[in-house]
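*Asks:* As a plain string of letters, each chain reads:
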Amino acid sequence: MKGHVRDHYIGAVVNTEQTPLKCREITKVFGENTAAARALLTEGSSRQEVLERTGCLVAVRDATFAVERGEIFVVMGLSGSGKSTLIRCLSRLIEPTSGTVEIDGIPIGDLDDQGLRELRRTRLSMVFQHFGLFPHRRVIDNVAFGLEIQGAAKPDRYERALEVLEVVGLQDWTDHFPQQLSGGMQQRVGLARALCVEPEILFFDEPFSALDPLIRRDMQDELLSLQANTRRTLVFITHDFHEALKLGDRIAIMKDGEFVQVGTPEQIIAAPADEYVREFTEDAPKTKVITVGSVMRPLTGEAPRGVPVRLASVLDEVLPRLLSSPEDLCVADEQGEIVGTVDRDRVAELLGANPRTGFAAGGGPVESS
Amino acid sequence: MTATARPAGPTAVSHVIEARLALDRRRRLRSGGGLIIGVAVLAAVQIALSSLGGFPGSLVIPLSDWIDDARRWVIDNQTSHWSFSFFFNPASDFIDWFLRAVEWFLLWLPWFVVAGATAMVAAAVLGLRAGLLAGLGVVYFGAIGLWEECLQTVALMTVAVAIAVAIGVPVGIAAARYDRLQQSLRPMLDAMQTLPAFVYLIPVVLLFGVARVPAIIATVVYALPPVIRLTNLGIRTVPPVTVEAAEMFGATPRQTLRKVQFPQALPSVLTGINQTIMMALSIVVIAALIGAGGLGQVVLVSLRGLFVGKALEAGLAIVVLAVIMDRVTHGAAGIGARRRLRLMPDSLAQFGPVQWVESALAAIDRHLVRTGNLLALPLSRKLNVAAVGRHPRKVLGGVLLVVGALGGAAIGRSEFPGTISFSFAPAIDWLVDWVRDNLYEIGGTWFGTGWFSDSITIHAVTPLRELFSVDLAWPVVVLAVALAGWRLGGAPLAAFCTACVAGLGFLGMWTLSMDTLAQVIVAVAMAILCGVPLGVLAARSDRFERMLKPVLDFLQTIPSFVLLIPVIIMFNVGRIPGIIASVLYALPAATRLTNLGIRQVEGGATEAAKLFGATRGQTLRKVQLPLAAPSIIAGINQAVMLVLAMVVIAGLVGGGGLGLETVKGLRRTDSVGSGFVAGLAIVLLAMLLDRLLQAWTRRFTPVGGGP
Numbered sequence: 001m002k003g004h005v006r007d008h009y010i011g012a013v014v015n016t017e018q019t020p021l022k023c024r025e026i027t028k029v030f031g032e033n034t035a036a037a038r039a040l041l042t043e044g045s046s047r048q049e050v051l052e053r054t055g056c057l058v059a060v061r062d063a064t065f066a067v068e069r070g071e072i073f074v075v076m077g078l079s080g081s082g083k084s085t086l087i088r089c090l091s092r093l094i095e096p097t098s099g100t101v102e103i104d105g106i107p108i109g110d111l112d113d114q115g116l117r118e119l120r121r122t123r124l125s126m127v128f129q130h131f132g133l134f135p136h137r138r139v140i141d142n143v144a145f146g147l148e149i150q151g152a153a154k155p156d157r158y159e160r161a162l163e164v165l166e167v168v169g170l171q172d173w174t175d176h177f178p179q180q181l182s183g184g185m186q187q188r189v190g191l192a193r194a195l196c197v198e199p200e201i202l203f204f205d206e207p208f209s210a211l212d213p214l215i216r217r218d219m220q221d222e223l224l225s226l227q228a229n230t231r232r233t234l235v236f237i238t239h240d241f242h243e244a245l246k247l248g249d250r251i252a253i254m255k256d257g258e259f260v261q262v263g264t265p266e267q268i269i270a271a272p273a274d275e276y277v278r279e280f281t282e283d284a285p286k287t288k289v290i291t292v293g294s295v296m297r298p299l300t301g302e303a304p305r306g307v308p309v310r311l312a313s314v315l316d317e318v319l320p321r322l323l324s325s326p327e328d329l330c331v332a333d334e335q336g337e338i339v340g341t342v343d344r345d346r347v348a349e350l351l352g353a354n355p356r357t358g359f360a361a362g363g364g365p366v367e368s369s
Numbered sequence: 001m002t003a004t005a006r007p008a009g010p011t012a013v014s015h016v017i018e019a020r021l022a023l024d025r026r027r028r029l030r031s032g033g034g035l036i037i038g039v040a041v042l043a044a045v046q047i048a049l050s051s052l053g054g055f056p057g058s059l060v061i062p063l064s065d066w067i068d069d070a071r072r073w074v075i076d077n078q079t080s081h082w083s084f085s086f087f088f089n090p091a092s093d094f095i096d097w098f099l100r101a102v103e104w105f106l107l108w109l110p111w112f113v114v115a116g117a118t119a120m121v122a123a124a125v126l127g128l129r130a131g132l133l134a135g136l137g138v139v140y141f142g143a144i145g146l147w148e149e150c151l152q153t154v155a156l157m158t159v160a161v162a163i164a165v166a167i168g169v170p171v172g173i174a175a176a177r178y179d180r181l182q183q184s185l186r187p188m189l190d191a192m193q194t195l196p197a198f199v200y201l202i203p204v205v206l207l208f209g210v211a212r213v214p215a216i217i218a219t220v221v222y223a224l225p226p227v228i229r230l231t232n233l234g235i236r237t238v239p240p241v242t243v244e245a246a247e248m249f250g251a252t253p254r255q256t257l258r259k260v261q262f263p264q265a266l267p268s269v270l271t272g273i274n275q276t277i278m279m280a281l282s283i284v285v286i287a288a289l290i291g292a293g294g295l296g297q298v299v300l301v302s303l304r305g306l307f308v309g310k311a312l313e314a315g316l317a318i319v320v321l322a323v324i325m326d327r328v329t330h331g332a333a334g335i336g337a338r339r340r341l342r343l344m345p346d347s348l349a350q351f352g353p354v355q356w357v358e359s360a361l362a363a364i365d366r367h368l369v370r371t372g373n374l375l376a377l378p379l380s381r382k383l384n385v386a387a388v389g390r391h392p393r394k395v396l397g398g399v400l401l402v403v404g405a406l407g408g409a410a411i412g413r414s415e416f417p418g419t420i421s422f423s424f425a426p427a428i429d430w431l432v433d434w435v436r437d438n439l440y441e442i443g444g445t446w447f448g449t450g451w452f453s454d455s456i457t458i459h460a461v462t463p464l465r466e467l468f469s470v471d472l473a474w475p476v477v478v479l480a481v482a483l484a485g486w487r488l489g490g491a492p493l494a495a496f497c498t499a500c501v502a503g504l505g506f507l508g509m510w511t512l513s514m515d516t517l518a519q520v521i522v523a524v525a526m527a528i529l530c531g532v533p534l535g536v537l538a539a540r541s542d543r544f545e546r547m548l549k550p551v552l553d554f555l556q557t558i559p560s561f562v563l564l565i566p567v568i569i570m571f572n573v574g575r576i577p578g579i580i581a582s583v584l585y586a587l588p589a590a591t592r593l594t595n596l597g598i599r600q601v602e603g604g605a606t607e608a609a610k611l612f613g614a615t616r617g618q619t620l621r622k623v624q625l626p627l628a629a630p631s632i633i634a635g636i637n638q639a640v641m642l643v644l645a646m647v648v649i650a651g652l653v654g655g656g657g658l659g660l661e662t663v664k665g666l667r668r669t670d671s672v673g674s675g676f677v678a679g680l681a682i683v684l685l686a687m688l689l690d691r692l693l694q695a696w697t698r699r700f701t702p703v704g705g706g707p
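Protein chains in written order, with the numbering used here: chain W, 1 to 369; chain D, 1 to 707.
Everything labelled a hint here was simulated from the structure, so no lab data went into it. Mixed in with the good hints there might be a few duds.
Derived DSS-like pairs: lysine-lysine, alpha-carbon spacing no greater than 27 Å straight-line [what the hints assert, rightly or not]:
| id | chain 1 | residue 1 | chain 2 | residue 2 |
| --- | --- | --- | --- | --- |
| 1 | W | 154 | D | 382 |
| 2 | D | 382 | D | 394 |
| 3 | W | 255 | W | 286 |
| 4 | W | 255 | W | 288 |
| 5 | W | 22 | W | 286 |
| 6 | D | 259 | W | 154 |
From the structure, some residues in chain D lie toward chain W, with a derived Cβ separation under 8 Å [stated by the list, open to error]:
| id | residue |
| --- | --- |
| 7 | 237 |
| 8 | 241 |
| 9 | 244 |
| 10 | 247 |
| 11 | 248 |
| 12 | 249 |
| 13 | 251 |
| 14 | 260 |
| 15 | 263 |
| 16 | 419 |
| 17 | 626 |
| 18 | 629 |
Glycine included, C-beta positions come from ideal geometry on N, C-alpha and C.
Generate the whole structure from the sequences, applying the supplied hints.
*Replies:* Below, the structure written as structure tokens:
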């Protein structure tokens, strides 16, 4: 079970604040003749056609999404799918060919160099795949780098850096050089460096992919507990579907530069948009993701007896009871009202061989135009 | 595997093999055929034009007269023309002032402070033993009576290197940022590194005359490429993700450079500075030709007067200077081993007295640190710099040096005391005489160094020179080079080669160039015959490689001119010492790259050959040498360029050829023009050989190679 509540839909409706990150139709074309490539794209040519006719590589095509405050938005795709390019377009480390990115309502494409620097200094931060630490600086000077760039005085930035290092548990390693630390510790430094400037939006570019599986799990847990306390806006890139399920409030699955499906982990598991997505979901830990609510039958007649299970529980929590109980279990919503029942056949069907079940779950394929 | 298993009978098999062999023959004929036809064409042209001989004087462009006119114009306008009064003269005045200031300071310092400072720096960077040796080296400068000359050279080096770094680092940074600048710089830097140092002297003399400032300018130009190259390289190899991270934190380009890129590029930049220092030192003697003074002047004057002993003393001082500077800057770049507080080598550590010495040293060091702390801690508090408190030894050393300098100057004890003096010049002079009397013809027989030089002269150098400059009609030589260019690099290279060779003739340098070329060919042949087998041996035996390494290191550290001196001791002046010295000079390149090439051959290939039962000789011939060919040819390429540089320098000690002509231009104002033209001929020859050899190297590079 995650350390924080998944209430992004409610949040999206209730939240009257500005959406922190909004992207519309971001496209990035690498190559000489980008104008011709764009023309072909608007005609609806495929990525392969564009490559053959113009020699240009379409890295990202029409990516549209918004990330709400406190949300972890995961972009999952295999290597070459354009996810790293996409995350760099969000901060203009790579200039998008077309499309708009709005951060707190400010279209960042219109900013000049100075404005962009100001934005990056105060609101954004990033954690890199191979850590991107400065090998010539001690841990504390790595972490304090962002404040140093902003012109903060040494005592101030060291004070803040020490605070953050304590958060990630590296307070005893301040005077070491990065290469003297293990991979996991190095990425903690990377995380601390990103957190030190107190950004509103944090970008993670496959931060844990270079780590051992056990350390990766620790880092994921740590990230979730950090997020539970501070509720920043996170965009997280990964090629690991399990990581996406574990961290993501919503997941965008990317293939050949395009979003194939965007949805909550549950939506994606329960109703993969196409064969490509389904392959990922096949060995996914479904019972840890799917909630009682999505396999429940609405209450028709009289409710069965017994202590009800909650609507928001994942299947893992109710399976022991379901398997030992002779009857169906009743399901209660947040108010304790009995709203439906869940039965073994239904769950068995989901976990079984037949993948095409008619669950009432959203998250269809993203339309490509 | 019986005969019945085969699809056809024996006749059919032999038929297939016949066809195969025929194909192989045709292929070999086709690749050799070009050569045969080429030689035939050349022979036919030679027979038809046999009366032509060397390049006709009527075709020569009077470039040298024009240059002399230009020189006269410069002299007339030096005080009036704007380019002099606003640019050249102020620049020259500034450099002169800078040099005088450094020189004054160095000579003001008491000698023991100079020795002590050198020892302390070397000890801090490299360890105690190196520190002691460096201090002794400085004492050697004074002991041979060349204290002032040495410090003059040091001052000249300091100024030249400071200017080179002040220009080179910013240019390197700019080149790293702008691809286009890098692209336009690269051929220039390549050309600069190809040319012998000699070539820079004449244009500088044309503009600035003969004095110490032009010597500095020539040194700066010659020594500039490495620092530009390695600064550029260092910044370009900074991991891009760190630059991206800096950008992500909103760093300005300048902040990124200062805080992220340059600090990471620093080791590379320091390596570049190290190479720049070594290049500057390598032309100390040559720069003396245009008035650099100092140690180079001593070497030059002594050699001219055939005081070989004195020349060797001064030459050794240059080597000592080079070794100290090389080791210290190398260590500072963090390339060397960590410094140690040991005096004796580890192999002796088991002996009682050694341990006793080491523990005594450690005790002394503890006392020094304690004393240093008494100074360093209050100082660091006063200055509010924590770092000062961390280095008690350095603080103590610095304080001692300052006190020594002021105290020494106050009581007038700055000069090197005459009581410390030693000289091995008489011994060397005696040795030279002895060699002449006894080794020239050993025991009155025909055998000896005299026979050796005579045979090389009579059987190799002279015939080759006569062949190129007299016997062969000049169009044949041009055509031969053009054909070689065509075969190695197609029409563009052929055109380039033709232009270069014909240029030698048009400049009126045909005979002299052919003389130099003959010497280069003989020396390169000897360098290959010695260097490649040595490289093969080094590749096959780790022990031999370890034995060879210090010798090769030493040969590469010695400035080219100094290498001439011991050779002159053995062979007297003339063409042969130049050739032998260039063989020694080029040997490291040929040996190192052969060794490297063979060692880089993939272990799998060698193992496979062994598994098939190949002998060591077969493995070498059929697997290792072919695979190492690109590296070996690159070694030969380097060897040729080094030989050319050396042969030109050897013109000074009787080598003749283009080198001598250039030197004449430097010495006598009335032949600046012909000196300049000779320098230009050296450039043409260097570019010709370099391009041809590079094309040859490319042909041997397996991936995407081939004609």
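*Asks:* Does each hint fit the structure? Answer for all of them.
*Replies:* Here is what the structure says about each hint:
1. W/154 with D/382: holds (19 Å)
2. D/382 with D/394: Between residue 382 of chain D and residue 394 of chain D the Cα gap is close to 17 Å, so the pair holds against 27 Å.
3. W/255 with W/286: holds (22 Å)
4. W/255 with W/288: Status holds; Cα separation ~25 Å.
5. W/22 with W/286: At roughly 30 Å apart (the allowed maximum being 27 Å), residue 286 of chain W and residue 22 of chain W break the hint.
6. D/259 with W/154: Given pair residue 259 of chain D, residue 154 of chain W holds - Cα atoms ~15 Å apart, limit 27 Å.
7. 237: violated (12 Å)
8. 241: Because about 4 Å separates residue 241 of chain D from the closest Cβ in chain W, which is inside the 8 Å limit, the hint holds.
9. 244: holds (6 Å)
10. 247: This interface hint holds because 6 Å falls under the 8 Å limit.
11. 248: holds (5 Å)
12. 249: holds (4 Å)
13. 251: holds (5 Å)
14. 260: holds (6 Å)
15. 263: holds (4 Å)
16. 419: This interface hint is violated because 49 Å lies over the 8 Å limit.
17. 626: Since the shortest Cβ distance to chain W is 38 Å, the answer is violated.
18. 629: violated (36 Å)
Violated hints, in rising order: 5, 7, 16, 17, 18; the structure is consistent with all others.
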